[in-house]
Structure formats: structure tokens, C-alpha cells
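Colleague: Residue numbers (this note's numbering), protein chains in the order written: chain A, 1 to 218; chain B, 1001 to 1218; chain C, 2001 to 2230; chain D, 3001 to 3230.
A hint or two may mislead.
[Stated by the list, open to error] In silico BS3-like pairs for lysine-lysine, Cα to Cα no more than 30 Å straight-line:
{"no.": "1", "chain 1": "A", "residue 1": "K137", "chain 2": "D", "residue 2": "K3068"}
{"no.": "2", "chain 1": "C", "residue 1": "K2086", "chain 2": "C", "residue 2": "K2010"}
{"no.": "3", "chain 1": "C", "residue 1": "K2136", "chain 2": "D", "residue 2": "K3144"}
No lab work stands behind these hints, which were simulated from the structure alone.
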Amino acid sequence: MNQGLSRELIALRASKELHDGMYVNLGIGLPTLVSNFIDDLDITLQSENGILGYGNILEKDFDPDFINAGGQPVEILPEASFFNSAESFAMIRGGHIDVAILGGLQVAANGDLANWFVPERGGGSIGGAMDIAVGAKRLIITMAHTTKDGKPRILDRCLYPLTAETCVDLIITDLAVIEIVDNQLILLETAPGITVDEVLSLTEADMIIGTSIREMSL
Amino acid sequence: MNQGLSRELIALRASKELHDGMYVNLGIGLPTLVSNFIDDLDITLQSENGILGYGNILEKDFDPDFINAGGQPVEILPEASFFNSAESFAMIRGGHIDVAILGGLQVAANGDLANWFVPERGGGSIGGAMDIAVGAKRLIITMAHTTKDGKPRILDRCLYPLTAETCVDLIITDLAVIEIVDNQLILLETAPGITVDEVLSLTEADMIIGTSIREMSL
Amino acid sequence: MVVEIFSNSKQAISVVNSNSSIMFGGFVSAGSPSNLIIALHNDGIQNLTAIANNIGLGDKLDMLCEHKQIAKVIATFAIRASGDRKSNFEEQYHRGEVELELIPQGTFAERIRAGGAGIGGFLTPTGVGTVVAENKEVIRHNEKDYLLELPLRADFAFIKAYKADKLGNLIYRGASKNFNEIMATAADCVIAEVEEIVEVGELEPDRIDTPGIFIDRLVQCKPIEIRWTS
Amino acid sequence: MVVEIFSNSKQAISVVNSNSSIMFGGFVSAGSPSNLIIALHNDGIQNLTAIANNIGLGDKLDMLCEHKQIAKVIATFAIRASGDRKSNFEEQYHRGEVELELIPQGTFAERIRAGGAGIGGFLTPTGVGTVVAENKEVIRHNEKDYLLELPLRADFAFIKAYKADKLGNLIYRGASKNFNEIMATAADCVIAEVEEIVEVGELEPDRIDTPGIFIDRLVQCKPIEIRWTS
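Just chain A, with the same shape it has in the complex (with noise of 0.2 Å):
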């Protein structure tokens, strides 16, 4: 059933949301491969450990004091600078980061976003994301359009803990990409291959359908 976009595909898509010029945080996760697709673009990513300024992800010669928020290693740019952690949560709180992109676990209509805790691992790490959500003047999630077993992500009401309230800007999944403007889900755009009526039948909330409604192009 599930024939959606990949996850390389959803970070293309999602990097197609960014443009010159932006500053950019990137959650630990899917988010993390958007950065293999803005070689083109002159966008500066920040990370919340305290760096601005990072590139590729590094596969080898680890040092560790250059590494992003994931403990990855990262290549440093020659623009980059760095920072302590009040610093870097000033620039990220303080709505300094243009755009930032998170993965999610739960999505409500109204924004609500829940993505730190699973109740059925009995856990969860907040990290950097709730500050994150609450500070980017714009949000967007990537994520699966549904759990492993089918179930809706995208809800009337997020059922985890959240991370913060009516925060997310746009939602980009395998199967679809939706925006949320006042309490209301609009839906833009459909994976290849896919139907309004099978990303409708997947997702719990309801949802408008966009008036320039296409398929997704990667």
C-alpha cells in the first residue's frame, strides 16, 4: 500500500523549502540528510551544540569537537563560528533561525506538534527540539505519514507528550505535503503515485484541499 517517497526523498523534497540567503537548523534524523541536497543553494546551518556555519556530514577523521547536535562529525566552512549553548539557544529562541526543520512523531491540526517521547518505550529525550519549535520562524516537519502499522500521524489531537503548541508551519511526509494556516490543514501537494483520496483515508484530521493542488515534483 505504502508506496511513498523514500526517506532521501522527503529530505529533497523538504530541501526544496529552502532558498539563498536563510540560516537553518536541521533535528537530529531525517532532517539530518536534507543538508545532502543544498550544495546548490548558499543557506548557513546552524547547529545547537554551537556551531553556525557546518557542512557535510564526515565519514571518517572523527575530531571530536567539530560534530553537530547529533554527534556526528561535520565539516567546518570557512564562515563558521561558534558558540556556547546559552548563545546558541539565544539565536534559536530569539527567532534569529530562519527556518528549521524536525522530524516528527505526531502532528495535530491546530500545529500542536509531539516528536520526544514514545509512551511504549517507556522514554524519550527532549534535547534541543522545544526550543527549537517554539523559536524558527518557521517549522517544518518531516516524517512518515503513518506509524509502522498504519495508524494516522497526523491527528486531531496529538495523543504524546508535546513538544509545543500550534508551532508547525508545514508537513512534508512520504506521501504528501501539508501546510497548516490557522487551525487548518491544507493539503498542497501528493507523492508521486499516490491519491487525494488515499492521503485523506491515512490521515485523521480533517484537512482542505488545496485550490493549486499538483503532484509533488523532486
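Since chain A is already given, all that's left is putting chains B, C and D on it; use the hints.
Modeller: Using the frame of chain A, we list chains B, C and D on its own:
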């Protein structure tokens, strides 16, 4: 009548309160003179405009970036560091300064300080005084014991607008050294040639005579 | 936002309108954006709210009072109790022609930092029991009283740094970080005057004080030496 | 206070007692005071409150759980939702043997900064409407809700820097400032592990990150490379 200490000798007496290893903030005016008497001590001076580790005031070769909080050019020592004003007052307010020496206009028996506003002149400037008075571990006030026309400045209650409540630990004047403990003035030392009665007659507030009262050694 | 680089200070400040609030970095001679201030003086824009640590004799900021460009000053050091001559500001203040909000310097710095950091307010022991506490909420914690102080932001910040690269990364020299480093975070549009603009990569990442993310407009100017007079 | 320099990490931490609260700097591999943590592990001190951004597989901090030296952890990242293997901490947490206070990372950093800066509390929008808001005061300003968060301090801070001079002035390398720079201000006794101790004057004043005023004890150690495992 006033055969009390010169400003330089008040500063000299104040310098004897400083010991090796201390971090010290010296206020604008009379306290600045204290730096003339600490060459033999291993003391680090902090200036609230963002320097730790400055030395003498330089009379020539003005460098606009190397100044103290009074705008005077200062020598930068090899161990110096620089920081912004939020960090500087974090250092001050956070209790990291061992001793601050400020000028005073009026001090009350309970340790209230007034030193920023002169009603007769219709103005004043707060500057760093309120934060320093609140934040320093130990606050020493250096001032003339009386006004120019002989009125007491050590009072039952300050008449001028306060800098901070119950903040003063020690007062050093041209006539005496007075400690404040539990809202009580204690006369510790008199200036050479000044009698206890003279000090008492020029002080409005009640004062205990210290059990080991002595003449200042300068 | 990509930083825009201008060839002179007049162009750098061309976005400023009358009725704006402007933060001015610097502490007396150290880190004063004097070229930008002079451009503002020449421009003649009126009815400004000036947010600066100090305004006084020898400050370029006091020049803005010559033609009454400033309606309100928010500062820590504005009227010297000593000194015979009065600044333009002081004379206008005593005549009731300009408004003054005087703030303790640590509170001033922390309010600006809060403004840039998305902090909605903070509790400080500074000012408790003084005139600074008037009309402010007192909150008690751990048997100690604090004032609730609110964040401070402005439409513009004029700052001065030592060097910039072409992406707006800045370094300061000596005691000139002062209010420049925090004001750079707390205004809608930040205009930086620097002594030298270098290529990207010439400033060591470990040495950068203000990341370019905070800077909107940049101009290289020969620094103007200012010194307080009495 | 003059900084004391020790020749090994065992001596550097000899002042730490059981029942202490300790801040540990570092973010995963960057700036972790691993030599000091190992000394603590070898010492066997019990009933500690550990305040650290993260505790997990590959952290030296997780070693302290081997002999249950930690009674409580205050952290932002403690239990990974993904990954098959569990850390010592996570196993003890699920058995109810260790307490956990989980804090948003920006609030964690700001609480520590406030603890060092004499700030009695601050208002943050982070956590409003979440479990983080439980038992906290909500204050509304300018039509926006904020949580009142309180300062965080500890008896000790263990930090790691790149270089120190003999007066305790520190510089960090790359992304290792993280929590080290703020924890250095927020503990009664600050113990710093550095890769190299140099003479006074060898560190450029404009480059110093943590002034020596904040450092009590100093030790030079070969850095231990740590890396998260899953």
C-alpha cells in the same frame, strides 16, 4: 577643623583592605586612586565595561578601545580578558567580584547607600553602581565624612535616592574607618589627629565604639 | 538574510526613518559607531528614541541633540553630577525638551540580551528598594526580592566592530564588545560600522564574536576618535 | 581566588564529597571532562546529583552508573527513543533506581547562565502547554505566555577546555564551548581539565573565552576520545 586625610590617603587606607588573589572593581572618582597603591599585591582589577586584568591609568598614547569605566585609558596586562556588558554584569551580579570600592554621597546606619543622584544639581547617572552595590561580595565606600559645608553624610536614613539597600560593609572617610554589622555602625579607626568625639559629632547616626579602636596606620 | 555591504555610512543608514528606535553600541570611546551617528546627524531624521549606555560631552550621540533629533533617551549614564559644562542633552533635559529613562547598567545590558534571546523577562536583585523599582513587579524567591525586568528591543541597532568578513561575521578589539555584541541581537535591522572588511575565511572561526546571522548592513569606515571632555 | 594547579585528575577532584551536586560540561564528544569523570568513577563517591546535557551509551558519565554513584540526573538528553542497547543509566531509570529531571536544552542552558549571573529567574516561551510546564508559574506579557524558570547552580562544575594559562584563563576549540563556558560560572568550585597549560601572556586577551576568575582548580590531561554508540 577638617584635618582629615587627603583623597590619596583615603585611597591608600582603602588599598589595605585588598589582599593577594582578590578580584576587585574600583568605581569612578576617588576609588580609581586605589590602583596607585596595589603594585605590590597580586590583585586582578575588573572594569564593568568589559575588562578583567587592567593596570595603571595611562596618561598618553590614548587607545579608544582600552579604557576603564570612567573612560580613562588603561594599561592592559598580559593576563587580561575582554567580554561584553551582559557578561560583565553577570560576573558582577553573580557574586564573582570579591571586593568593590565605590564612592558615596550618603550612607545610612543600616548600610543603605546613596551615590548616584545629587538633587541640588538636578541629575545624576546610575551607571554600574546599583549592580555593583548589589553584587559584590564585599562593598567598601570611600568618601568625605561630611559635605563641603560640614553636614554629616553618615545618616540615620539616606535622604538622597538610594543606590541599593543594606549593601555597605565598610566606610572609609577622611576621618574614620567604620564597619557596618547587622544594621549597626562600629567605629574601628580614626584618622591621625582626629578624636573619637570629633567623629561622633560629625556623624548623624548612632555608632558603637569598636573594642579595639585605633588610629589608622597609613 | 544576506548582509548588504555599503560604500559609505550615508547609504548604510538610508533605511532609517523618523520616529524609529535605535540602539547605539559603545561605551564612551570604545566601540562607538560614530560614523553612523554622524550620518544620522547629517540626515536630520527626527523624533528618535536613542538607546545607548551613555550620552554626554564628547559623545557623537550628543550631536544629535543639536537639532533636537532625539525625543527620548534610554541610558545608564546621561547626566554627570560633576563637571561644569553641560551637554546638549543635559540642557534640553533640564528644559523638559527630551525624555530620559535611566536604567542600571547591568539591567540595561540584560534587558537587551533578553530582547535578542526571546526571553520574556528576568528577575534581578538590582534596583530593589530604589526609584528603579517604581511601577515594577517584585517577585520573591528563596527569601530574596527581585524586580521583574522586561526585554528591550529596537527598530535599528548601530554598532561598531573592529573587523568583519563579507558575510557579516564580526570581531571586536579590546573593551569594545560592551553593548555592541548584545545590541547586534536585539534589533530588527542591525547596521555595523567596521574598520576593515576582509574576505570570508580570514577570520578564525574560534575568534568570531558576532556571527553574521545578526548583521543586516555593513560599512567600512575610518574610525573617529572620541574622548569625553569635562 | 587564585587557581590551584594539580598534576593529576585524582588530586584535582579530591575536594568532592558524597551527596554533592556536580555540573558536567560537554556535548557528547565535544568538551567532555572525561578524565575528571573517570577519576570520580575510580574514587567511588556516592549519591551524586549529576547535571549534564546528556548521559548515554559511550558517555563516560554513564560509567558512574556502573556502581550507582548517581542518585539523580538533570539533563536534556538521557533516554534515546531509538537504538537497541540501553545505557546503564536507562536500565537503572526503568528500574526506578535513579531519578531523572528532563529539561529543554535552551532552558537548561539559560538556567545555568542565570545561576552564574545572579539572575533570580527568567521567562521563556519554551515548554508552555507541555509537561515541562507542570508546577511552574505561567506569566503573560504582551499577549504571550511564558514559564518562569529558576536558576540552576551546583556545588561543583567539571569542565573541559582546550588550553589554560596558569591563572585559569581558558580557551575552547570548535563546538566544545557548549555547556562548559556557562557551567564555569555557576558552581561553588569549578574544576577544569585542559589539554595544555601555558604561561600567562601566551593566550591573546581578545581570544579568552572563560576568564580565570571563574576557575578554582586546574589539571592538564591527555584528552579521552569518546563517541556515542548505539
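Colleague: So, for every hint listed, does it hold in this structure?
Modeller: A quick look at each hint next to the structure:
With a CA separation close to 43 Å, the supplied pair A:K137 and D:K3068 exceeds the 30 Å bound. A distance of roughly 29 Å separates the Cα atoms of C:K2086 and C:K2010; the hinted pair therefore holds under the 30 Å criterion. A C-alpha spacing of about 19 Å is found between C:K2136 and D:K3144, which places the hinted pair at or below 30 Å, so the restraint holds.
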